[in-house]
Amino acid sequence: MTRLSNAFAKGHAALVCFVTGGDPTPEATPAILDALVAGGADVIELGMPFTDPMADGPAIQNANLRALAAGTKTAHILAIAKGFRARHPDVPLVLMGYANPMITRGAEWFADACADAGIDGVICVDIPSEEDPELGPALRAHGISPIRLATPTTDAARLPAVLDGSGGFLYYVSVAGITGKQSAALASIQEAVARIKQTATIPVAVGFGVRTPEQAGGIAAVADGVVVGSALVDLVAQHGADAAGPVRDLVASLSAAVHAARKDIA
Amino acid sequence: MTAQNPNSFRNQPDDRGHFGQFGGRYVAETLMPLILDLETEYRKAKADAAFQAEFDDLLEHYVGRPSPLYFAPRLTEELAKNAPAGKGAQVWFKRDELNHTGAHKINNCIGQILLAMRMGKTRIIAETGAGQHGVATATVCARFGLPCVVYMGATDVARQAPNVFRMKLLGAEVVPVTAGAGTLKDAMNEALRDWVANVHDTFYIIGTAAGPHPYPELVRDFQSVIGKEARAQMLARTGRLPDVLVAAIGGGSNAIGLFHPFLDDPDVKMLGVEAAGHGLDKEHAASLAGGRPGVLHGNKTYLLQDEDGQITEGHSISAGLDYPGIGPEHAWLRDVGRVDYTSVTDTEALEGFQLLCRTEGIIPALEPAHAIAAVTKLAPTMDKDQIILANLCGRGDKDIFSVAEHLGVKL
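Protein chains in written order, with this note's numbering: chain A, 88 to 353; chain B, 12 to 422.
So here's chain A without its partners, still in its complex pose:
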């Protein structure tokens, strides 16, 4: 068992919470991550800021730009991760971001740095399975799960290729679009998760557009995990360095709904 697989074996769906590292400052991020844990998040996704976050909507775009404007460097993100691992030895931590900052010093350097920081998985938005050689082999060699995305456009024929070489969990993006915009109808999510689970042997977490405890609870009844990002990033935007309290409160209401939802899909 790994930290990631444990998170999906608690007898309830897992709540996966995303915030952008370095937003509003690198110094403020550790307290916000601690607030996610205190609120009951099962998996933490730490965003690596990038100048050109082309898969993200305005909320996370602006978070990326705020982080970079505050002087956030890759070294800060890795240090934040390392500090988190020391404070929370059992909570899985996933880095999420774009290819260029991850590969710019070489995949081997990045995988080694992630392993050293205690990172469990990496989601790289713009490395699809076709470009796996860019980063995947280095991550797997260091015991780090490359976590891939599946979307409404990923059909049954393509799904095995997406799953091949991936690990941790599959991140099902419930709408074709950018982060933080509309959400998908629960019925279509249920159908998609059921279809994916005919092939997938790893847990399936669902995200994009999930903002409220009601939505999260609904999805938790039909999937292995629920990802919430933009709603938390919005709170950071609103409260800045004082965001930890409001973030903890929202996560607590989300986790209560997610953990109470009956999980129909084993």
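It is worth saying that the hints were derived from the structure and are not from the lab. Take these hints with a grain of salt, some might be off.
As the list claims (entries may be wrong) - With the Cβ distance kept under 7 Å, some of the chain B side facing chain A (calculated, not the full set):
(1) Q32
(2) R36
(3) V38
(4) A39
(5) E40
(6) M43
(7) P44
(8) N200
(9) R204
(10) V207
(11) V210
(12) D319
(13) Q321
(14) I322
(15) L366
As the list claims (entries may be wrong) - In silico negatives: residues of chain A with every beta carbon more than 10 Å from chain B:
(16) R90
(17) V212
(18) L273
(19) Q302
(20) A308
Glycine is no exception: its CB is placed at the ideal position from the N, C-alpha and C atoms.
On the provided structure of chain A, position chain B as indicated by the hints.
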């Protein structure tokens, strides 16, 4: 080009869309199935005589091809004046500025909108920097009756007002993008965001030979009409091939269009000209000279970036050149040494611009003004009987306001 290297320079990319280590398909999963469909459909279209015939017919009767090949006598004479005895090469231009819409961009737009309709797409999006690609896209959308949304950085909207108005006249919606510096890179991000949310009905007409595979290949193929015509015209007029080809490079579509049909002619040298902006030690847009390989907008190529891989802003007097990347085939051609690349500053480009106006009665766009500036350095070093062929890829009407401003003239 040697016995040990019999492979053609014209058989890239490989089946995964890589030009050596460059190119590829670095896109979000949502777009991946569509990119694969596009490739399948493009292969079919390429093999379909009816598709080629429709493309050729539109280029001839709508765009006005073939564009002339022109010997520039007074520019040649001017550049020979200060050359050593026996030096001062002939300067020729491929006149793609005479195309409908005033630049080479239309060649590619015709090809892509035919592909879009073949795929049953009913909505077109595009990004634009200087506005030339936006105008060309709006033009073909009007011609074929498809709705068109053009993303344009807010900074570029302000400095290219005539082209914004042209696009609106042609029925396009122009969306100003305020993210980042509000230039071409930001417009491309926003176009990708639109595309990912509307993949079911939308076709993204990318304006340069960059982006995820198969775009660099298909844009090159559509733009290769430039080089194919030029090669045949030069042979017909002079009985020989040019000694050097010169073209300006932002993303590099006019350059790859000119170069590609000549790549396997070992005696033809090629020079790509990047924008050195205020100078390579200051703000510039020369990705090959000042960048290193990385991943942006769907492909791996040379990028202007910091040590963390954050993309830095390009600068050029030419809105069409200030992009922090370059098409992946150029990155490969540079690394294998088949094409030479140099760069030209804003000031040098302005001098080239004025020189062509005075000597040949042609007002070039600021993009090919960079190629002209490189020609002014090159011609005096070459023999009188040698031939330089430069791509005059756009006309300068759109640039007269910014040129006036740089020359301190109030209009």
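Checked hints:
1. Q32: violated, 10 Å
2. R36: With a minimum Cβ separation of about 5 Å from chain A (threshold 7 Å), the hint on B:R36 holds.
3. V38: holds, 6 Å
4. A39: holds, 5 Å
5. E40: holds, 4 Å
6. M43: Given a least distance of 5 Å, the restraint on B:M43 holds.
7. P44: Result: holds, 5 Å to nearest chain A Cβ.
8. N200: holds, 4 Å
9. R204: holds, 5 Å
10. V207: holds, 6 Å
11. V210: Check passed: Cβ of B:V210 comes within 6 Å of chain A, closer than 7 Å.
12. D319: B:D319 check passes; min Cβ-Cβ to chain A is 5 Å, inside 7 Å.
13. Q321: holds, 5 Å
14. I322: Since the shortest Cβ distance to chain A is 5 Å, the answer is holds.
15. L366: The hint is violated - B:L366 has no Cβ within 7 Å of chain A, the shortest such distance being about 37 Å.
16. R90: With a cut-off of 10 Å, A:R90 remains clear of chain B, as the shortest Cβ separation is near 25 Å.
17. V212: With a cut-off of 10 Å, A:V212 comes too close to chain B, as the shortest Cβ separation is near 6 Å.
18. L273: Since the minimum Cβ distance to chain B is about 20 Å, A:L273 lies beyond 10 Å and the statement holds.
19. Q302: The claim stands: A:Q302 keeps its Cβ more than 10 Å from every Cβ of chain B (closest is about 19 Å).
20. A308: holds, 25 Å
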